[in-house]
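Given next are the chains, with one letter for each unit.
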Amino acid sequence: MAKSKVRKTFLEPLGKNNPVFVQILGICSTLAVTNKLQNTMVMVLGVMFTTALSSWTLSLLRNHIPSRIRMMVETMVIATFVIIVDIVLKAFYPEMWKQLGPYVGLIITNCIIMGRIEAFALQNKPMLSLVDGLASGLGYAYVLLAIAFVRELLGTGTLWGYQVLGSWWTNWSIMIMPPGGFFVLAIFIWIIRETIMKEEKA
Amino acid sequence: MKAKATFYKKRIYPLVFMFAVTVFCILITSGLYLTTQDRAIANELSFTRRAILDAGGLAYTPTTEGIEKAYLEKVTVEDGYYTAQSSDGLRYILPVQGPGLWGTIAIMVGFEQDLSTFSGLAIVSQNETPGLGARIEEPWFTKQFQGKSSPFIFVNEGTAQAPNEIDAITGATRTSEYFRNLTNRAATDAKRIIRGE
Chain A
0 MAKSKVRKTF LEPLGKNNPV FVQILGICST LAVTNKLQNT MVMVLGVMFT TALSSWTLSL
60 LRNHIPSRIR MMVETMVIAT FVIIVDIVLK AFYPEMWKQL GPYVGLIITN CIIMGRIEAF
120 ALQNKPMLSL VDGLASGLGY AYVLLAIAFV RELLGTGTLW GYQVLGSWWT NWSIMIMPPG
180 GFFVLAIFIW IIRETIMKEE KA
Chain B
0 MKAKATFYKK RIYPLVFMFA VTVFCILITS GLYLTTQDRA IANELSFTRR AILDAGGLAY
60 TPTTEGIEKA YLEKVTVEDG YYTAQSSDGL RYILPVQGPG LWGTIAIMVG FEQDLSTFSG
120 LAIVSQNETP GLGARIEEPW FTKQFQGKSS PFIFVNEGTA QAPNEIDAIT GATRTSEYFR
180 NLTNRAATDA KRIIRGE
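In order, the protein sequences belong to chains A and B.
In this text, residue positions in the first sequence follow numbering that gives the first Met the number 0: the first is 0, and each later residue adds one.
In this text, residue positions in the second sequence follow numbering that gives the first Met the number 0: the first is 0, and each later residue adds one.
One chain only, chain A, in its complex shape (with noise of 0.2 angstroms):
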């Protein structure tokens, strides 16, 4: 396997092929699960954990699944993963698993999973599609941490639970709720579209 083309795999999800910002998938776990930092990490290990594995499975798979049940399979593999996480959550972090409440089970729907198993998972090799799922969780990660950090540090005055803004700040309630979910997006795509993507194209 050439090394750039595990490279490019790896890279592409972070940039310029972002699942979040560019392909505007997985909104609906973007805009629920970021009003805290440690919520937004759990949730984004659990859909890297999910999309790395379900597309290295199905990847193993792909020359054995007959076409016209592919969904099917999909989904009963995306669902068996997305219920190991839940699982362990509510085995070893009951707190954790109260407060995402139906959010975990909801990684199941993340267009991102699905995307990636029909679009590379089931033409390349197993190792390409975990590099690949990887990054793709990697990159729908690194976005969510961003938009979690301004939506705890304006909505609470903390990061990660911990107090750092003064008692002058008042908090901004806004933007823990759901519309300060779709400002936070709104805003993040904006900016990098407007000036990093923008470079990239001239």
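Check each hint, because a few of them may be wrong.
Stated by the list, open to error - The list that follows gives simulated cross-link-like pairs (lysine-lysine, BS3-like), each with its CA atoms no further than 27 angstroms apart:
#1 68(B) with 8(B)
#2 124(A) with 15(A)
#3 15(A) with 197(A)
#4 197(A) with 7(A)
#5 97(A) with 68(B)
#6 142(B) with 97(A)
#7 124(A) with 8(B)
#8 197(A) with 4(A)
#9 124(A) with 7(A)
#10 142(B) with 73(B)
#11 8(B) with 147(B)
#12 124(A) with 2(A)
#13 190(B) with 147(B)
#14 124(A) with 68(B)
#15 89(A) with 68(B)
These are calculated hints, taken from the structure and not from any lab test.
Starting from the known structure of chain A, arrange chain B on it as the hints suggest.
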């Protein structure tokens, strides 16, 4: 012969394949579920016990073992409520639930012997608006019930003074109202269930 081959490939193989994948996936998930089930049940139990201890205003070390030890030492289960032996007398702890803005709010309420002074309060579950109504889970909010007596009046955040006044949550008027009704009802429920009044 050829027709048979395509029949197999088109109809039978996908069925068999899907069946095999399904069985495999179910085996993995149910296996994992069964191996972690005890732990999940223990977590749930520990969570409830912790809420009871918090409501009773009882001291404990915040680990699973600490909670278990304190609970077994101090708490007795009665019919529909709990009693706990604290350093200053018997306390009554009652689980109550009622409507919130979006869903049911379930709480654990602890009473002193007069059944109107709260010894503490813990949230068991709630689905209020994150950042607004969900702040009922924050310690500053639940702690303020300690030592206050019902019926409560909710006042603007940061202005509670009198022994029946509670700081409401700014921007969560409806949740505050529901919570006031719930805590006030808890006191009448307690008198009915515990004393039969």
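| Against the structure shown, which of the earlier numbered hints fail to hold, in ascending order? | Per hint list: 1, 11, 14 violated.
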